[in-house]
Amino acid sequence: MTNRERALNILHYKPVDRLPAVHFGYWPELLSQWAEEGKIPSHIPEQWYDGGPADRELDNLIGWDFNWYHTVSPNNGLFPAFESRVLEVFADGTRRVMNGDGLIERVKPGVTSIPSEDGYTLRDRESFETLYRGKMQYSPERVDAAFFSAFNDTREKDVPIGLHLGSILGNIRNITSVVGMSYLMYDEDESLFADIVDTYAEMQYRCAEEVLKTGASFDFAHYWEDICFNNGPLIDPEKFEDLCAKHYRKRNELCRRYGIDIISLDCDGVTEKLLPVWFENGVNTMFPIEVGTWGDQFEPARKRFGRGMLGVGGMDKTAFRKDRAAVDREIDKMKRLSAMGGFIPCPDHRLMPGTKFELVQYYAEEIKKITP
Amino acid sequence: MGANTVEIINEISEKLQKGKAKEVTALVAEALEKGVSPESILNEGLISGMNIIGEKFKRNEAFVPEVLIAARAMNEGLKVLRPALAGAGVKPLGKAVICTVKGDMHDIGKNLVKMMIEGQGIECIDLGVDVAPERVVEAVKESGAKIVCLSALLSTTMMGQKDVIDALKAAGIRDQVKVMVGGAPVTQQFADEIGADCYTLDAASAAQAARAFFEE
Chain A
4 MTNRERALNI LHYKPVDRLP AVHFGYWPEL LSQWAEEGKI PSHIPEQWYD GGPADRELDN
64 LIGWDFNWYH TVSPNNGLFP AFESRVLEVF ADGTRRVMNG DGLIERVKPG VTSIPSEDGY
124 TLRDRESFET LYRGKMQYSP ERVDAAFFSA FNDTREKDVP IGLHLGSILG NIRNITSVVG
184 MSYLMYDEDE SLFADIVDTY AEMQYRCAEE VLKTGASFDF AHYWEDICFN NGPLIDPEKF
244 EDLCAKHYRK RNELCRRYGI DIISLDCDGV TEKLLPVWFE NGVNTMFPIE VGTWGDQFEP
304 ARKRFGRGML GVGGMDKTAF RKDRAAVDRE IDKMKRLSAM GGFIPCPDHR LMPGTKFELV
364 QYYAEEIKKI TP
Chain B
36 MGANTVEIIN EISEKLQKGK AKEVTALVAE ALEKGVSPES ILNEGLISGM NIIGEKFKRN
96 EAFVPEVLIA ARAMNEGLKV LRPALAGAGV KPLGKAVICT VKGDMHDIGK NLVKMMIEGQ
156 GIECIDLGVD VAPERVVEAV KESGAKIVCL SALLSTTMMG QKDVIDALKA AGIRDQVKVM
216 VGGAPVTQQF ADEIGADCYT LDAASAAQAA RAFFEE
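If you're matching them up, the sequences are chains A and B in order.
Each residue of the first sequence is one higher than the last, beginning at 4 in the working numbering.
Each residue of the second sequence is one higher than the last, beginning at 36 in the working numbering.
These are computed hints drawn from the structure, not numbers from a lab.
Note that beta-carbon positions come from the ideal geometry of N, C-alpha and C, so glycine has one too.
Take these hints with a grain of salt, some might be off.
[As the list claims (entries may be wrong)] Not everything, but these chain B residues come out facing chain A in the computed CB check (under 7 Å):
#, residue
1, E46
2, H141
3, I229
4, G230
5, D237
[As the list claims (entries may be wrong)] Here are the computed lysine-lysine pairs in the DSSO-like style, where the Cα-Cα straight-line distance is at most 27 Å:
#, chain 1, residue 1, chain 2, residue 2
6, A, K42, A, K372
7, B, K130, B, K197
8, A, K17, A, K336
9, A, K359, A, K338
10, A, K359, B, K197
11, B, K57, A, K242
12, A, K242, B, K53
13, B, K69, B, K91
14, B, K197, A, K325
15, A, K338, A, K17
16, B, K176, A, K242
17, B, K93, A, K242
18, A, K111, B, K91
19, A, K276, B, K93
20, A, K276, A, K249
21, B, K69, B, K130
22, B, K69, B, K93
23, B, K197, B, K126
24, A, K371, A, K336
25, B, K53, A, K276
26, A, K138, A, K17
27, B, K55, B, K69
28, A, K253, A, K42
29, B, K114, B, K204
30, A, K216, A, K253
31, B, K181, A, K306
32, A, K276, B, K91
33, A, K42, A, K325
34, A, K336, A, K306
35, A, K242, B, K91
36, B, K130, B, K213
If we strip away everything but chain A, and leave its shape as in the complex, we get (with noise of 0.2 Å):
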């Protein structure tokens, strides 16, 4: 069976002979550290992303079948972007930006963690009027025909490739900050956050749909939302189903008439809360689950939803920072979790600075050696 083969007979219940053995990227910090201890080739943290050479040359080293998150996108962001320009440098090197959504953001150069959010230009509904919304439209620009063409049946199907669709709130929550959507929300008339989630919905829906008419054909299609932390949304779910359910039902519904039946979502935190809004409007499958980082679990998910719910995720990534044992563990749970179906292992997320190049090799070997 090819690693493709496997891969969705697995998610549509189907039989196989082993698992997949596939990862969801790396830090860039985990890379140098690998390259300093002589692990991996010196050249492979400069030049790695997820699907590219590097990484498959890098999953031949360590002994992954494939990297899950190979998803190719039209330009359903803003369009043109907003010039990224320095508005300010400190004295320690921070520097205030204005990113290309209009965040303005202190970043600090050596410091790979998220930037600290400092202000923002959407702010009511004029700026939205005269600065956002022309950004938010559909033009041809955004969907490159020709490269989207090659992705049609005609194309080596080694391992699964999947089109992603964006999303709903995520990328406003980027452009606005969290701040700032929480006021937009609550200061402006009601109509306005709904204009701004309509209008970025329908681009990216007609961007999906002008992908899916050039002929391209994918198994899977992917969200990325990231509007959950560690204590739930960050969100009241119910504004969040009122905002978006629709949204979700109408792409997920352009995406199952072109034979994509697997949809999958990323979200940081604690999902619990909004997966019913995800689920109920053809959100099927949980990619990655965050068990590491953000304690969250898949076995609730299935028993809730039942077989119709898929996942991709599970493996607590920390293990690999401890010892054999600890990833021994990992091994035994996924073995428990393959067995109920419609379940692949995946490390949950990149993997993380201080974690063991042999240990992971240790478990991507052990992972082909399950039959679920």
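Chain A is already provided as a structure; the job is to place chain B on it using the hints.
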């Protein structure tokens, strides 16, 4: 308290919970004009309102946006109230130093905790983001703060919390402060391992824990 006083203080609390900053500001001014004591306005109006929204936040009945707009209303109300509090000799419950640790620029969690702690009547000395351990030690010495709150978003930066604890020990002031830690990757187990005094899951619990330290 007379009926009118109770009514206006309750109204301050209710408007604060709904994040109505302008109305809170106006009500605080009106209450002062009517002779309501600044301390009552603070404790039974503003802090009480923040406590209610904090409890709802803990129970997932209110969410980050509601906390943010309530905290903003509290701050606006405090701007009007602060001169009267000073005039009446009402002092903050105590002082807390707060920051995100070295290498961590992300401060939403830190800002939420700060807002909630201020909502308990505690003065916060906010050192900002990416703060070196030595700077925390310096701030504790300068301010006499009894609490240090350390935030870390990432598994790559959480060890910075231990570095601050080590720096407090090296400076000989570890016993003078309670160290509170939080952030996405932080757990009770991690807090115990690094010798922190307190870990809480959410901002509202952090604020309550901070208040409890001052009331010990």
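Against the structure, the hints come out as follows:
Below 7 Å, beta-carbon pairs count as interface contacts, and E46 of chain B has none with chain A, the closest being about 19 Å; its hint is therefore violated. Taken as an interface hint, H141 of chain B checks out: its beta carbon lies about 4 Å from the nearest beta carbon of chain A, inside 7 Å. The criterion of a C-beta within 7 Å of any C-beta in chain A is not met by I229 of chain B, whose closest approach is roughly 15 Å, and the hint is violated. Because the closest C-beta pair between G230 of chain B and chain A is about 20 Å apart, greater than 7 Å, the hint is violated.
Annotation: D237 of chain B was flagged as interfacial toward chain A, and the flag holds, the nearest CB pair being 4 Å apart, inside 7 Å. Annotation: proposed proximity of K42 of chain A to K372 of chain A holds, straight-line Cα distance about 24 Å (limit 27 Å). With a CA separation close to 21 Å, the supplied pair K130 of chain B and K197 of chain B stays within the 27 Å bound. For the hint pairing K17 of chain A with K336 of chain A, the CA-to-CA distance comes to about 21 Å; that is within 27 Å, so the pair holds.
The straight-line distance between the Cα atoms of K359 of chain A and K338 of chain A is roughly 22 Å, inside the 27 Å bound, and the hint therefore holds. About 22 Å separates the Cα atoms of K359 of chain A and K197 of chain B, which keeps this hinted pair within 27 Å; it holds. Simply put, K57 of chain B and K242 of chain A have alpha-carbon atoms about 24 Å apart, close enough for the 27 Å limit, and the pair holds. As the CA atoms of K242 of chain A and K53 of chain B are separated by approximately 16 Å, the hinted pair is consistent with the 27 Å bound.
Between K69 of chain B and K91 of chain B the CA atoms are separated by roughly 31 Å; this puts the pair beyond 27 Å, and the hint is violated. Of the supplied pair hints, the one linking K197 of chain B and K325 of chain A holds, its CA atoms being roughly 19 Å apart against a limit of 27 Å. For the hint pairing K338 of chain A with K17 of chain A, the CA-to-CA distance comes to about 16 Å; that is within 27 Å, so the pair holds. The suggested pairing of K176 of chain B with K242 of chain A is violated, with an alpha-carbon distance near 45 Å, which exceeds 27 Å.
For the proposed pair K93 of chain B and K242 of chain A, the alpha carbon gap of about 18 Å is at most 27 Å, so the pair holds. Proposed proximity of K111 of chain A and K91 of chain B is contradicted: the alpha carbons are some 36 Å apart, above 27 Å. A hinted pair counts as satisfied when its Cα atoms are at most 27 Å apart, and K276 of chain A with K93 of chain B qualifies at roughly 14 Å. For the hint linking K276 of chain A to K249 of chain A, the alpha-carbon distance of about 17 Å falls within 27 Å, and the restraint holds.
Taken as a hint, the K69 of chain B and K130 of chain B pair is broken in the structure, with Cα atoms around 30 Å apart against an allowance of 27 Å. Only pairs whose Cα atoms come within 27 Å are accepted, and K69 of chain B paired with K93 of chain B is rejected, the gap being roughly 35 Å. Annotation: proposed proximity of K197 of chain B to K126 of chain B is violated, straight-line Cα distance about 32 Å (limit 27 Å). With a CA separation close to 15 Å, the supplied pair K371 of chain A and K336 of chain A stays within the 27 Å bound.
For the suggested pair K53 of chain B and K276 of chain A, the alpha carbons sit about 22 Å apart, so the restraint of at most 27 Å is met. The suggested pairing of K138 of chain A with K17 of chain A is violated, with an alpha-carbon distance near 44 Å, which exceeds 27 Å. For a cut-off of 27 Å, the pair hint linking K55 of chain B to K69 of chain B stands: about 21 Å separates their Cα positions. A C-alpha spacing of about 46 Å is found between K253 of chain A and K42 of chain A, which places the hinted pair above 27 Å, so the restraint is violated.
For the proposed pair K114 of chain B and K204 of chain B, the alpha carbon gap of about 37 Å is over 27 Å, so the pair is violated. Distance hint between K216 of chain A and K253 of chain A is fulfilled; the C-alpha atoms sit about 16 Å from each other, no more than 27 Å. With a C-alpha separation of about 46 Å, the suggested pairing of K181 of chain B with K306 of chain A is violated against the 27 Å cut-off. Note on K276 of chain A and K91 of chain B: the hinted pairing holds, with a Cα-Cα distance of about 15 Å set against a maximum of 27 Å.
Proposed proximity of K42 of chain A and K325 of chain A is supported: the alpha carbons are some 18 Å apart, at most 27 Å. Among the hinted pairs, K336 of chain A with K306 of chain A is consistent with the structure: their alpha-carbon atoms are about 16 Å apart, no more than 27 Å. With a C-alpha separation of about 16 Å, the suggested pairing of K242 of chain A with K91 of chain B holds against the 27 Å cut-off. Under the criterion of a C-alpha separation no larger than 27 Å, the hint pairing K130 of chain B with K213 of chain B is consistent with the structure, at around 11 Å.
Checked against the numbered hints given earlier, the structure breaks hints 1, 3, 4, 13, 16, 18, 21, 22, 23, 26, 28, 29 and 31 and satisfies all the rest.
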